[in-house]
Amino acid sequence: MQKVKLAEDLSFSRIIHGLWRLNSWNFNKDEILRLIEECMELGITTFDHADIYGNYQNEALFGKALALKPSLREKMELVTKCGIKLVSDQRPEHEIQYYDTSKEHILKSAENSLKNLQTDFIDVLLIHRPDPDMDPEEVAEAFTMLKEQGKVRHFGVSNFTPAQVEMLSSYLPFPLVTNQVEISVSHLHAFQDGTIEHCLQKRIPPMAWSPLAGGRIFTDSDEKTLRLQKTLQEVGEELALTKIDSVMYAWLLHHPAKIMPIVGSGKLERIKMATEALNVKMTRQQWFKIWIASTGEDVA
Amino acid sequence: MQKVKLAEDLSFSRIIHGLWRLNSWNFNKDEILRLIEECMELGITTFDHADIYGNYQNEALFGKALALKPSLREKMELVTKCGIKLVSDQRPEHEIQYYDTSKEHILKSAENSLKNLQTDFIDVLLIHRPDPDMDPEEVAEAFTMLKEQGKVRHFGVSNFTPAQVEMLSSYLPFPLVTNQVEISVSHLHAFQDGTIEHCLQKRIPPMAWSPLAGGRIFTDSDEKTLRLQKTLQEVGEELALTKIDSVMYAWLLHHPAKIMPIVGSGKLERIKMATEALNVKMTRQQWFKIWIASTGEDVA
Amino acid sequence: MQKVKLAEDLSFSRIIHGLWRLNSWNFNKDEILRLIEECMELGITTFDHADIYGNYQNEALFGKALALKPSLREKMELVTKCGIKLVSDQRPEHEIQYYDTSKEHILKSAENSLKNLQTDFIDVLLIHRPDPDMDPEEVAEAFTMLKEQGKVRHFGVSNFTPAQVEMLSSYLPFPLVTNQVEISVSHLHAFQDGTIEHCLQKRIPPMAWSPLAGGRIFTDSDEKTLRLQKTLQEVGEELALTKIDSVMYAWLLHHPAKIMPIVGSGKLERIKMATEALNVKMTRQQWFKIWIASTGEDVA
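So the sequence lines, in the order shown, correspond to chains A, B and C. Note that this note's numbering numbers the first sequence so that position 175 is 157, with each residue one more than the last. Note that this note's numbering numbers the second sequence so that position 227 is 209, with each residue one more than the last. Note that this note's numbering numbers the third sequence so that position 165 is 147, with each residue one more than the last.
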């Protein structure tokens, strides 16, 4: 599978597997291990976590599976996140959901992720959401300490605007390697608010969450969704793709910003719909047919 | 006429003539030549084209007129654009209107413009619209090749946001020399979205399309238009200008960003309304009277 | 009191006193002097003016008080502003309210401020509002001249977007030292439009005008205000602060951008509500409770 270079010593697989809903699949650790190995056989070597996924439980579920076959660790890249505090029985001290990007919380959360994932290092640690109360000096101190200790190799952000990326970057002695944002045929914000341009300008390949628009494209019946379904179907036929999932992935993969879709499924056949999209060559005209179906407006 | 310097070896006339509607004037090539010469006698030496104007025909109409007197070429600056693909009997392969800023399309479109305009070089080639599917590496390759071949002297953009200008610029080995955007007394977006500030910051003089708001200022009767008509009339009387067209041009010319209005008329008397505006000195108070008539709100 | 460093040779007191409404307090010059001295005893050494405050009268009222005890001058920092022209009996030539950032007007306004404030120098002169008709070369000429003459030590802006700050900065041979913007628990724009990030990125501490939301928080009864009142009360109890004014100040002071609230009151007990806020330590969770009460939405 195509690799995307994020730093001199770091590449991601173009398709990434996301563990957001791992706990909902009710897999035992052998089943999780099988899923990991099936992904890796497809060339998907990058796995996306967050401290809070599955009510703070998913990292540990993954870690227990990985512990069954520790030799896999060196063949994969692990991404996780911190900075959100959930209201949770696991964290009774949180009265509300809020953000915490203090040095103390970043260090504590990273240590926790290392323990839960049963690994010595995280490949990339992301700040999960832009924190209006962020002290960038504290973030820089925490990042620098984790890097020097060898606990985290690289750092990135998620859901940040270009201004927020630039601000945080100005406090760091090393570049941020990715911005994980929502991008899909039905969620074009990243193209419209300067995020994609900023990623291209700074040579920061973005990770795309909800690359299938959270599945609503299959179930909703509003005008926009109907337009998209029809156009995805038509383009799919032109490209000999049987599933519109693959067309949606192909639309992201076509783009020059090297968008890396995060596939959040526990089913192999759905994961393959993403990898199959790597083999098709969408034309610019097809790309714009889908763009126009999404916006509902011809281009000027 | 005042010249605006865009690069060491390139200046535009402050007033530019635009050929967008050339085909609608039903001029024969002698009449087109006469128009060109009349413009040049007024000091208007810069002519604005696009590959698609007049259903892909206007460049050739202009080129045939220029061929009657090729010596004019070295005394004028030719601007043209590429990147939009129209649904047209001239391009039956286009199923929809879409953007194409691929290396292949830019090179092909530029070659076509050279042939149609009957010239050896284009002074400035613009990307017509920001392309959400743009691969800036391809644009950079095409631009560099055209420059090295002597076919295009300089490059610019049109309708780009500051973020889009910065992104593309980061891939180019030379600066973009202009951004052609819509600016008029009734279309203030460029002042409100950071475009004018960005042009000032980067010392990129903008070209203004629809400097008379597409003529709607003369025909519409909504509140905003009525406010503008009244204020333009009043300021015109203070400045001894008989036509509000001239007041609208003077409002643009007053601004320190060195806005270059594109006059898209085939009638000499209308073109003169722009050049006459060069001779008046609008005060800041008058400029704000018009600004306030446009926004409908006092300044804070 | 905590000082905030704005330049090598300039620091402001963390709390600033604002003279916007000085004329409405009906103080004689002894009373104004007493207010100044009471502020300075609290550690408030920075005083915020504008040429136009009090219908162009407040600077002179302050200056007459200062003249009673000129030795205070070297212990305080004076900020004033220019660039707005009011419709006023004091300026009969103004037909409308508009902006003027011409070299001529900046120089004249600064001279006037020096005379009215009865001082030899202004510590910081601000452009009061972003002027869509600004010629940054003229501003740079005026600023440079005033600095070289020793009449103004440093320069800043007010109500500028990041793009406007960057643009003007690109014409200046020295950095802008502050951006005075509206920030309060009920006015979060500066957090949402990139202003706070830009201040953090450029290490420009912002001054906050209307830090108590113009007092509407005490009198309005819309849903947002009721939510804020309730939450400010609750957090106040947790922090042992008796007045929600202090909680609002503490919310601003908690933020790492070094926001400097401008207290615009003539009453000592109200001014103390700000200085008292310096002594409390708000938690991140408390800060977000107030943020959420203001936006009306949980964080994602």
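Hints are computed from structural coordinates only; laboratory data are not their basis. These numbers were taken from a predicted model, which means no experiment stands behind them. Some hints here could point you the wrong way.
If chains are identical, the list can't say which one is meant, so a pair holds when it fits in one copy or spans any two.
To be verified - As a list, the in silico DSSO-like pairs of lysine-lysine whose alpha-carbon atoms are at most 27 Å apart:
no.	residue 1	residue 2
1	K129	K184
2	K184	K85
3	K85	K240
Now for the hints, and whether the structure bears them out:
no., hint, verdict
1, K129 x K184, "both (22 Å within a copy, 25 Å between copies)"
2, K184 x K85, "both (26 Å within a copy, 21 Å between copies)"
3, K85 x K240, "between (31 Å within a copy, 18 Å between copies)"
Every hint, counting from the list given before, is met by this structure.
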